[in-house]
Every structure is written in C-alpha cells, then in structure tokens.
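Visitor: Here are the chains, one letter per residue:
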Amino acid sequence: MGTKELHYRAYRPRPFTKEERPRTTILFGGLTWKHERLIQGSLERMGYRSMPLPQIERQDLDIGKEFIDVGACCPTTFTAGNLARTLMTLKEKEGEEALKNNYLFVTIGACGPCRFGQYHESYERVLEGMNLKDFRLFLLDLLQMEQSAPGGGLEISMPLTFGLVYSMFYGDLITDMEHATRPYEVVEGSTDAVVKDSVELLYEKLRNRPIKGKKIDSLLWHVFTGYFVDALKEVRRLWDEVEVDRLRVKPRVKITGEFWLQTHEGDGNYNMKRWLEKEGAEVIPPPVAVWMDYLINMELFKLEDAKGFVKKYYLKKFAVESIARLYRMVYNKLRKALNNIPNPMPDQRKLKDLARPYFHYRLTGGEGHMLIGKALYAYKNKQAHMICELSPYGCLPNTMSVGAMAKVLGDYPDLLYAPIEVKGDAEVHAYSRCQMILTEAKRRAKEEFEQVLEKTGLTVEEIRNFEEDHPELRKATYRVPHYGYAGTASNYAMHVAKLMGKI
Amino acid sequence: MGIPRFLNVWGTHQFWVGFFNALGVGKIVFSSETSEEQYREYGKGRITMDSCYPVKALAGHMGELLHRDINLLFVPMIYSLPSFLKGHVVDTLSCTRVMMSVENLKAGFLREKDEFSQRGIKFVSPFVPFAEPEILPKYLWESLKEYIPGLSLEETAKAVKEGFKALDTFEGKMREKSLEIMKWCVKNKRPALLVLARPYHMDPGIGHEIDGEFQPYGYPVLWYNYLPLHDWLLDWLFGDEIRAGIIKSPFDISDVWTSSYSSNTNEIIWGAKFAARFPWITGVIRLSSYECGMDQPTFTPVQKIVESSGTLFFKFGELDETKPAGSVKIRVETIVYYLEKYSQEIVRKKLIRLKPVPSELLT
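Chains E and Z supply the protein sequences, listed in that same order.
For the first sequence, my numbering gives the first residue as 1, with consecutive numbering after it.
For the second sequence, my numbering gives the first residue as 1, with consecutive numbering after it.
A hint or two may mislead.
Under the rule of at most 20 Å between Cα atoms (straight-line distance), these lysine to aspartate or glutamate pairs were calculated in the EDC-like manner [what the hints assert, rightly or not]: (1) Z:K315 - E:D69; (2) E:K316 - Z:E134; (3) E:K311 - Z:E180.
Calculated Cβ distances over 10 Å to all of chain Z for the following chain E residues [to be verified]: (4) P54; (5) R207; (6) K278; (7) F309; (8) A337; (9) K407; (10) L409; (11) S432.
To be clear, the hints were calculated from the coordinates, so they are not data collected in a lab.
Backbone N, C-alpha and C define an ideal beta-carbon position, used for all residues, glycine too.
Bound conformation, chain Z alone (with noise of 0.2 Å):
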C-alpha cells in the first residue's frame, strides 16, 4: 500500500497507520518528503492547472509511489478533518483545493494514458469525511472492497475505530510533549515560539525547515495543533472570558472569527489565541504558501489577535518550491534579535493579566 506523504496526511498519517494495520495490509509505504528532485523527476507534465505549490507537489509523490513496490495506490480525499474544535466551531473541513486535490492530479496520470494499469498498480482514492465518522466505514469500505478481497462493512468500521484510536494515542503523546517544553520553559524562564501553518508545512518541502531554524538558538518551537489541552491550563488561560460571556468555552473562536468552517483556519486562529494568553509564547511565526485562498482572509485578525496582547508576530509568507535559504536566515536573525530584546518583557507583562501559574505549570 503506497500513501503519498502529502498535504492532510500530515495531520491524519496516524489515523491511516492504524487503519490499514487493523485490516492486515502488509505493508505501507509512505512516499519521500516533498522536494524539488521529486517535484520535477516525478511530477512533470502531470499538473493539469495552475495551483499553490503544495497541491502541485502532490504529482511528485504520486508519480514516485508509481515508482515503488506497491499494488495499490491509497490517495485519499479528506473531505473534513479530525479536530480538537470540532462542537464549537461550525465545521472542520479541509480546504477546497486540497480535498479535490486528488480528482485534480490523478487527471494528469489519465489523460494520456493509464499510468496507475501500466504500472500494474490498482488506484483508489476513498471520500474520507473525518467529521462524518459514522459514514467514514461505508465510503473507505466501497473503495476498498474490490482490491482486499473478503473485506466486510464491519471489518471496515472496527478498523476506522482502530485508526482513531491510534490518532487520539500519538496525538497525546504530542501534546504531553508540548505540555513538556512549556514547563522547561516555565523553570527556566526561556521564551517560546509558536508556529502557525497547515500542517503540511511541517514537510521540509512546503515549510522550508523555518521553523527549525529558531533551535540553534535555544528557542523552543512549538506547533498550535499539538498544544496541551488540560483543564487547569485552559482555565487559566480563558477561564475569565467564560465566566465575563465573550465566549463559551475555551475552544470558543467566536469572539474572533465568524465563519468557523475549515479546520485548519479554525485551529490557527485558535492557536493565534492561545499565543496571545500564554506568557511564555512570546513570538508567533505565521507560514504561509504562495496563493494559499484559506490563508487570505486570516491575515489581518490573526496578526491583531496576536499583537493585541504584546506578543511578538512574524510571517513568512507566499512560500513556493524556491527555498530562499538566505533571506530566511537573515530574517531569523532580526526575529531572533527582537526575541531576545523583548521576550522578558513580554512575559512579565502577560503574567500580569492573569491569575498566578497553576501548580501544574510548575512541576
């Protein structure tokens, strides 16, 4: 089984590892991290229309995974996605683009001639409706049936159950990791930095390892979707603005944003939030890919949501497959500078607007 490491596979890789184990698929083979040399070896002359660079890339992974040794071919259309907001805001689903990525991209394996048969290689590519999990089975079971032979409707639903639980387990294991790195910045009075991107920009080919680039200089960096969501930290940090009616749980974004419908916007404004309160997050860095149309309409109140609280924000913006290696360590440079000019300050002055650290911040 040949997944392309692509785009919501980031944020769901997990929940397919379990899955597939459940069903008793041999073996799966995620494919590379995007990068220019499988961009343009596999990827060319597959791209049927003009989009951001990390809907493009996916030629690349798929036209690599061709090259693999697998039978089948696994590109799944996440329709919406798993989400820690999901009850509070008004949907969580994937952006259109990426979603209809696959109907778009297995065209250009099409076109010409059949890629996928050539190659022997079965293709399919389920609707995957994470926030519809009692129709989840149905659709992944109707894609499957024909290529695992014996496959059961029920077989399918333990299996999604399966592949939950092993999302919800590592995406624990996450947050304990974040909650972690806050403490250790708690104890040692050191300041953190928090990312706000998809995903996807986790993959060193869509983020360009910006984030990375803080470490060496003992920043801590920390990803909004695996933030630690305990009672007590959430309290503290919102517990004011429940009990005033702003809003009506911690997970609340109404208060900022008024159409909650993609998950991952809903989460980065939430994680734009988060910054905000938390003391010790005292810059954000905003990723962003060239021509991202879910990114867009976020600019402005995802910058005011952060700075309105003092907290340093910095964006790198219009990302494509060009890294400019250069000019990123320049601007890390100045936003390391400005970290280290004003992160106590900032922290001081956070610490004021809220009620003492809880104990369990200080463990």
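Chain E on its own, in the form it takes in the complex (with noise of 0.2 Å):
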C-alpha cells in the first residue's frame, strides 16, 4: 500500500482556474451586510462573480453543531452553520455537480493560534459532514498581501486589495452614521431606508471604480484620488435629507468585544445594537478599520521593541510608520466628506499606554489588549456612558482580557462595564445582564443633561425654538462639537447654548 493511500491528509482544493472565473461564484461571509455588499462590488470589478452568504441566523447555531467537533466557540459555529445552510440550499436548488463547479468559498485566516485561524478546520468538517469534499473551499492569510489559490483563479491583486479596503472603509462609516442617527431619527424608518441607498450608491461606485495601474501606480491612485471622496459628497446629500431630534436624552453605549462578535449585526450577537437602541440608548459601534489599524501598528511597537536586533531600523520603522500614517490619513479624509460625523479611529499608542498597567500589549489574539484600552479611552475621553462588551462563550483571548477588566475597575468604579457573554442561545440572560447596568447609564445620561441646562440656563422649549430658526441643526449630518459630555443631548445643549452666546 501506498504512502499516499495510507495516511489521512488535510483537505485540499480541486484548483480555480481562471477560464472557471466567469462562471464561478465566490461565496464569502462574516461581516455586516453593508460591508459584504460593499465587498461584492469590489470583486465584481475584478471580474469576479460574488455572492455573501445569508445573513446569520438562530438555525445556523444548531446546524454548525451538527457538524463540527465538541467545544466550538459560538462564531465558529454560527459561521459553520451557516456555510452548510447555504450549502445546503444551493444543493437543493441547482444540483450538487452545480454546486461544486459553479460555487466555492473563501475565507480568511491567520490571527495566531485562536480559533479564529482555525476556522477553515470546522468549514472542512462542513464539507465532510455533507459530503461534498470536492466543494473548494480557499483560505486566504489575512497577514500576506499577495497570496493566490492554486490555479490562478482567485488573484490578490493590488486593485483588489484596495477595493476591499476601501469596502471597509465604507462599510464602518455608514455603520457609524446609521447609528448616530437612528436613534434621533424624527421618522421612523428613515434611517434606514438612507443606509441603503448609500450601500447601494457606494457599490455601484466601488464596481465602476477606475483601475490605475497594478503596483505602485494603484497604489498612489488609491491613496491620493478624489474618486472615494467624491462617492461619500453624493452619500452625504442623501444624509442632507433625514431630520432628527437630539434632545432625546440616550445613554451612549461603546460596544467592544471579539472582532466578530462586536461587528456582527444578527442573531449571532441576539442583535444587541438594535436591542440597545429599542431600549433607549445609542450605540458607538466597532470599526472594522481600527482592528486593521491595530495590526499595522503592532508591527511598529514590536519593531520598537527589537531595536538594536533589527537591520536598517530606521528605515523599517519610516517604513511602517508610512502605512500607518496613510492608513489613518485616507480614513479621515472620508470622514471629513461626512462632516466628521463618524467616529475617529483611537490612537493606538495611546491604547497600548492606557492598558499598559493591565495588559501587556504584545498579548496578541482577538482584541489584545485593546479591549482594556478603548474601555478606558471612553471613559477618560467620556465618549460613553457605558461600555458594553460582546464575547463569544469560550472565546480563548478575550475572556483574559475580560478578566484583566476587574483590576481596572477596582480602580475606576465608576465606569460601567456590562461584559456579555454570547452562547447564541441564551439572550434573556444577555439582555437582562445588560439591562442592570444600562438602567444605571439611562440615570447618568439624564443628570448630565440637567446639569447642561442648569450650566446653560437654558429649558428644552428655549433649544427647540433656536432650532425652528436654525433647520440646519436637525439633520443628521450636522456636527455637533464634544463638549467633554458623554451624551449626545448633553452636547448638543451646550452647543446651542454656544451659538445662542450663553456660554
């Protein structure tokens, strides 16, 4: 018998060749749907034909269980669950041969030893449980730029990578307006229907992007073109349109969490952004672009750290110093075209500094020590009111760092921690653990805008008569200054306190 026979092997693709790209499907998941939209119409422009995967549901929990090993994390079961379910429905509808060469699935790895880049072992179990081991399945490290699947099908061009992060980009600064407006939104729904419509305007322009060049060329075009600017103009206008009212009095809830948890918008986290907002408060959601912003300036703090034993230093360091700086740069320039509504991504230096005492920062895996530090820059910048924080059951990194919490609240015990573990199936318990501590945030959101008013002298009737001559303050894109309050009511009353030449 054979050596090749004998011996179990991992799972290997059949190859994607590239005569298989027009008639191929790339079926891709894991992040909102704005964000997958946004990723599709990237992939459509390199000619690729792309399909996300369903939105998560409560079933996908009970169909991963199926088939993957004991002891999963609640992510990967979801995510497992719901890569068989689509399978499961393709199969039905257009046939296993279909299913197999006309669709395979991508996803990405790397992340050290969590499970997170691991994942790809319970896809496979997927695949075996369903018997379909000539479906393909691709994993992409999410650390190495260039990488292809065998064949040449799938190519990680230059273009492709900056469209994807551009799809990022964009996915995380609607998320921001979507949840700085809903919950002052005047009619209901608006929101909504603007979020979109601006999904839809940013894919279109995202699938019709120009491509310059495939190196250094795409890259400058990338980094110094209006194009994306110019797309965000026309989303702005859309925004132009929706009226809020930012009197109503709303704690403000920074979310944090494991990276999939905290941006995932479903039943895989029991939808715990829209049930903070039904309960009355506002959500600071996560971008994905700061976790890409942690991982670039990881690598400047390790070099940091191996100075004297790293060759050309300097250069290194200017290096990546560079990326990081451009990274940062291009974010904020979109911002700005949103009149800065969405939230700056936190200095990393200063989240390191911040969790230093709790958390070494070369801790890596999940958040690090970041889940410390963006608790602790809320609270000290009074950004929120309360910090809420979403890991999966049995998330290796993160229940660390969650335990690390207890120390940094011994010492600042006023900042209100609601550390939510997510099982996917036990939402009554997530939600009334939150509930304690968000009745707490609903009392200190409201005493801090008293003492606005008091400090102003001004009554609500005076604030709403202002702004019957001041439109402009009530729509959506209008920025209101930080006036070192938390709440948003707070500093929109100190602001029109501003104008009105009270203060």
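The two chains are supplied separately, each in an independent frame; assemble them into the complex guided by the hints.
Guide: Put into structure tokens, the structure is as follows:
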C-alpha cells in the first residue's frame, strides 16, 4: 500500500482556474450586510462573480453543532452552520454537480493560534459531513498581501486589495452614520432607508471604479484620488435629508469585544445593537478599520521593542509609520466627506499606554489589550456612558482580558462595564445583564443633561425655538462638537447655548 | 524566587532553573502540583473570569507561593515556546489563554488590595517570547533589573543561553529515555502507548494521572514531546513521504494541518503522525481539558491521523478539577482489553508498510 493511500491528509481544494472565473461564484461572509455588499462591488469590478452568505440566523447555531467538533466558540458554530445552510440550499436548488463546479467559498485566516485562524478546519468538517469534499474552500491568510489560490483563478492584486480596504472603510463609515442617526430620527425608518440607498450608491461606485495600474501606481492612485471622497459627498447629500431630534436624552453605549461578535449585526450576537437602541440607547459601533489599524501598529511596536536587533531599523520604522499614517489619513479624508460625523479611530499608542498597567500589549490574540484600552479611552475621554463588551462563550483571548478588567474596575469604580458572554442561545440572560448596567447609564445620561441645562440656563423649549430658526441643526449631517460630555443631547445643548451666546 | 508549577512552566522549567542558577538567584521554590485542595485554599475568590480549569488553577499556585518563604514571585507570560518544530511550521505560539492567564489572575490578587506587597513579595511577570531569542534577554532584563540589583543586559543574555542549554540537555536525556523504552518494546515484542496532550497534563491535578493507569498493565507510556528525533529513525518513518514530495521534512505537518501557529497543537499533530507510523505504538491516548479551544479544531484530524494507520485511538476529553477515578479505571480496563487483543496485529501491519527495522532500534 502506498503512503498516499495509507495516511490521512488534510483537505486540499481542487484548483480554481482563470477560465472558470466567469462562471464561478465566490461565496464569502462574516461581516455586516453593508460591508458584504460593498465587498461584492469590489470583487465584481475585478471580474469575479460573488455572493455573500445569507445573514446569520439562530438556526445556523443548531446546524453548525451538527457538523463540527464539540467545544467550539459561538462564532465558529454560527459561521460553520451558515455555510452548511447555504450549501444545502444551493444543492437543493441547483444540484450537487452545479454546486461543486459553479461555486466556491473563500474565508480568511491568520490571527495566530486562536480559533479564528482555524475556522477552516470547522468548515472542512461541514464539507465532510455533507459529503462535499469536492467543493472548493480557500483559506486566505489575512496577513499576507500577495497570495492566490491554486490554479490562478483567484488573484490578490493591489487593485483588489484596495477595493476591499475601501469597502471596509465605507461599511464602517455608513455604520457609524447609521448608529449616530437612528436613535434620533424624526421619521421612523428614514435611517434604514438612507443606509440602504447609501450602500447601493457606494456599491455602484466600487463596481465601476477605474483601475489605475497594478502596483505602486495603483497604490498612489488609491491613496490620493478624490474618487472615493466624491462618492461619499454624494452619500452625504442623501443623509442631509434625514431629520433628527438630538434632544432625546440617551445613554451612549460603546460596543467592544471579540472581532466577529462586536461587528456582527444579527442573531449571532442577539442583535445587541438594535436591542440597545430599542431600549433607549445610542450605540457606538466598532469599526473594522480599528482592528486593521491595530495590526499595523503592532508591527510598529514590535519593531520598536526589537531596536538594536533589527537591520535597517530606521528605514523599516519609517516604512511602517508611513503605512500607518497613510491608512489613518485616508480614513480621516473619508470621514471628513461625511462632515466628520463618524467617530475617529483611537490612537493605538494611547490604547496601548492606557492598557499597559493591566495587560501587556504583546499578548496578541483576538483584540489583545485593545478591550481594556478602548474601555479606558471611552471612559477618560467621556465618549460613552457605558461599555458593552461582547465576547463569545469560550473565546480564548477575550476571556482573559475581560478577567483583567477586574483590576481596572477596582481602579475606576465609576466605569460602567457590561461584559456579555454570548452563547447564541441564551439571549434573555444577556439582555437582563445588559439591562442592569443600562439602567444606571440612563440615569447618568439624564443627570448629565440636567446639569447642562442648569449650567447654560437653557430650557428644552428655548432650544426647540432656536431650532426653528436654524433648521440645519436638525439635519443628520450637522456635526455637534464634543464639549466634554458623554451624551449627544448634553453636547447638543451646550452647542446651542454657544450659538445663542449663553456660554 | 517563587515560580508556579503551572501551564507552560511544565515544558520550560529546566530553562528557568538554568537561567536563575546562572544569575545566582539563591533558591527557586516551585509551587506544589495542582490539587483541589490547593485551588480551594489559595485560589478561591481570585478567579475573575470563567475559563478552562488549567488556567484557573494558576490562582491556587500563585496563592500558595504567597504563603511560602519567597521574596519574588515570578510568573512568566510565555508568548511563544521553544519547539523542535520551529522552522518547519508557521509559528510556535502559546495558547492565547495560557499566555494571557497571568494578567487575568494578577487582577484577582490586586482588585481589592495588593496582596503581593502586603506580604512583602515583589511580583514579576515578564513577557517571554521563546521564539524570538534575540529579544528574550531584553524583556527578561527589563522585568528583573529592578529586583536584582546590578543586573546587566549582557549578564541576562548569558543566563538565557545557560537556560536554553539546560533545557536542551534535559530534553536530550528525556528523548534518549524514550528511545530506550522503544528499543525495549522492539526487543520484547511489547507495544507502547503514546500520550497526546499538552505538557501541563503531566501535572497530576490537570491530567489526573490517567497515563500512569496503564503502566500496571505493562504498557510503557511515551509523551509526544520527548519522542526521539534521530535522523535514522525519522528517515525510516517519513523518508518515503519526503521523497514522494508529500512533505518537505520529517517535521513538516502541512500535509495534515494547515494552520501551524500553535506550538503545542503543532507538536500534538506531529506526535499523531509519529504514532501512526511507528509500529510499536499501537494505541494513542488523547487528553484534553474541559473547554479547550486550542484542542477543539484538532479533535477530528488527530483521531483520523492516528486511526488511518490502524492504530487504536482513545480520548479522555473535558477533564476538569473533578477526578473521575472510578470511570477512568473502567475505561482503562476496556482500553487495555483492546490493546491486548489487537496490538500484535497492528505492529505486524505497520511493519509491512515500512522498510526493514533499522539496526539502531535492534541494539
């Protein structure tokens, strides 16, 4: 018996060739529907057919459990179940041969030894369980820019990479606009409608973007072009039409947590962001862009630690710093197009320093020290009344930083912190834990607003009267500066007082 | 100097002994082996978050050492591990929970009052990247210089070398011992068992001494991390696959595992491959702690690697602080029955697939 037949070998997908590209659909998932629709636009521009997996549903958890090894964290179970449900549906609709030949699934990996880097092992269990070992599943390493799947059908080129980066930025910015607006919308549903229109507009822009070069010329064009900013200016005009009432006093809740769970919008995290809004809060969603910024800056911090051992240290440091600066510059340029309503990215060095007494920054895995850094950053800078930390049950790294928060809370007893462990099937428990902290956050938001009224000598009626003469204040795109209060209503009242010459 | 006998210290303790001896540290005190008593007496009330039991048990070790005659409590945050697979895999990182456990447990000793300073003990927890030997002395020196007066970076660097030397010497001896056992198996036509677990499952409080249960039945037990690595042996087992282009070296695991970031996981996978090929290893015992996220994706591949060769595979999963002595004994008896029944046939079939037994194994 030959060795090939005797021993177990890991799953290896069949090649995907260039010729197959026009008739093959790339399945992908893992982010919000907004990000995924925008990614679809970027992929289509590069000549790929693509289809995001359907939105995660509660049933995916049960389906996932049927296929993968015991003890998986809930993102693994949900995403594996979601893939299984998709494959079942496609198989039923189009037949097994069409599924194997006309579709493939692409997922990203890396992130070290955490389960995130090993999701594909669970996806393979799905293929095995469904007797679909011939179906193609490709794993792309997130940390390697130049990579491709065997056969050359999938090429990671500079224009595609930048398309994906802009998709991510756009998705983040629209999500930020959405959460800053919906709690205050005057016409119910107007935010959701404009989000949909904005995503479609940006999808078209990504799908029709010019391809300028393939290497450095492509990089320069993507960094310095006005194309992407102009697209957002069009989006801004859509948002101008949304009327808001910022005098609704609401606690601001910053969402932190494990990457998938904090960015997710659906049953996977009990729809926590929507639930918080329904309970009367304003949510600060976590952008995907911050995580990428963390990865870039970690390279810089590691390099600084190794000073003295690294050849061409200053050159390498300059290179990484330049990437970090360009990344931030592009993000800020896009924010500006939306009148800086979306939140800025936090300074990674500040996050690192804030977290340092509690968590070493080189302990990478998941969000690392960022959970602690972000909570303290929001608390100290009065960005939010409360932190809602979403971590999956059984999450390897986040469990540890959540534990380290015990000392942070000892030092900052005023910090309202709600660590929510998400199992996927215990929402009542999660809601009730969150509700307890939210009640106190609501009280603080109200107290803070009353203090502002007292300080400025204004009444709500006076602010309303002023608004009548200044209708631009009620536009979703009107930016209210930060006056050192966590609440939107408080900062808004201060701002009106300033405009009225009261402070 | 107090060092908890916990988690990654189980695979690196000889390094720490060599390192601190070279620095002239007077006495090293290790905590006791993990036990329920230790956990309840010293760890209670210090756990800040639910996690696997091996991580929680660290609280008991740290608490116990606070009651011992020490000046410094040294709890390293071991980020990456020395591994014989380094250079053949993507990385040799530690489990994220294990590496971060120190920051987590530390919070339990500090949140209400500083229990370290109350007892006049300095707490030192350096970041330890074994896979980055050039920066390792710097991190250790930065943590220790405050507590060891006059300590220089050069001195620390020399001590690191001594630490690695001590670890290599220890591992070399252990591998020779394993080879000796394997030769005994060949000579006496007796099968052996291989344990696939994390090194800290050698801790009786974590692994519940399941491996030891097999010895009264005459089954020698080998641990994957101390398997012999002689060229002649590895060529006998893996040479054909290298020449066929399936793998690049005997330590290449990319044919069975594509996410080779984690040191212990990589070595467990390699151990499974070794067991699948070495004729006299007729059974594999997998140990895994309750809720081990690192092991979870490996359950099916490891079992398949082992069983595809006809080798028997048994798993004791979800181990926690409770020692299920009765059920372990019953399972061990069952496993022994299977080993007795099938071992000789397994050896015979595995031998057929290989070239003649190397003379080195017959001496």
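Visitor: Each hint needs a verdict: does it hold in this structure or not?
Guide: Here is what the structure says about each hint:
Proximity of Z:K315 to E:D69 is assessed by CA-CA distance (about 13 Å); at most 20 Å being required, the pair is judged to hold. Under the criterion of a C-alpha separation no larger than 20 Å, the hint pairing E:K316 with Z:E134 is consistent with the structure, at around 18 Å. Between E:K311 and Z:E180, the direct Cα distance comes to roughly 45 Å. Violation of the 20 Å bound is thereby established for this hinted pair. With a least CB separation of 24 Å from chain Z, E:P54 remains clear of the 10 Å interface cut-off, as annotated.
For E:R207, the condition that its CB be more than 10 Å from all CB atoms of chain Z holds, with the nearest at approximately 33 Å. Against chain Z, the non-interface label of E:K278 holds: every CB pair exceeds 10 Å, the least being about 29 Å. Distance check for E:F309 against chain Z: the nearest CB is about 4 Å away, which does not clear 10 Å, and the non-interface claim fails. With a least beta-carbon separation of about 38 Å from chain Z, E:A337 lies farther than 10 Å from that chain, consistent with its non-interface assignment.
Distance to chain Z contradicts E:K407 as a non-interface residue, since its nearest Cβ pair spans about 4 Å, not more than 10 Å. Interface exclusion of E:L409 from chain Z breaks down, the closest Cβ pair being 7 Å apart, not more than 10 Å. With a least beta-carbon separation of about 18 Å from chain Z, E:S432 lies farther than 10 Å from that chain, consistent with its non-interface assignment.
Of the numbered hints stated above, those contradicted by the structure are hints 3, 7, 9 and 10, listed in ascending order.
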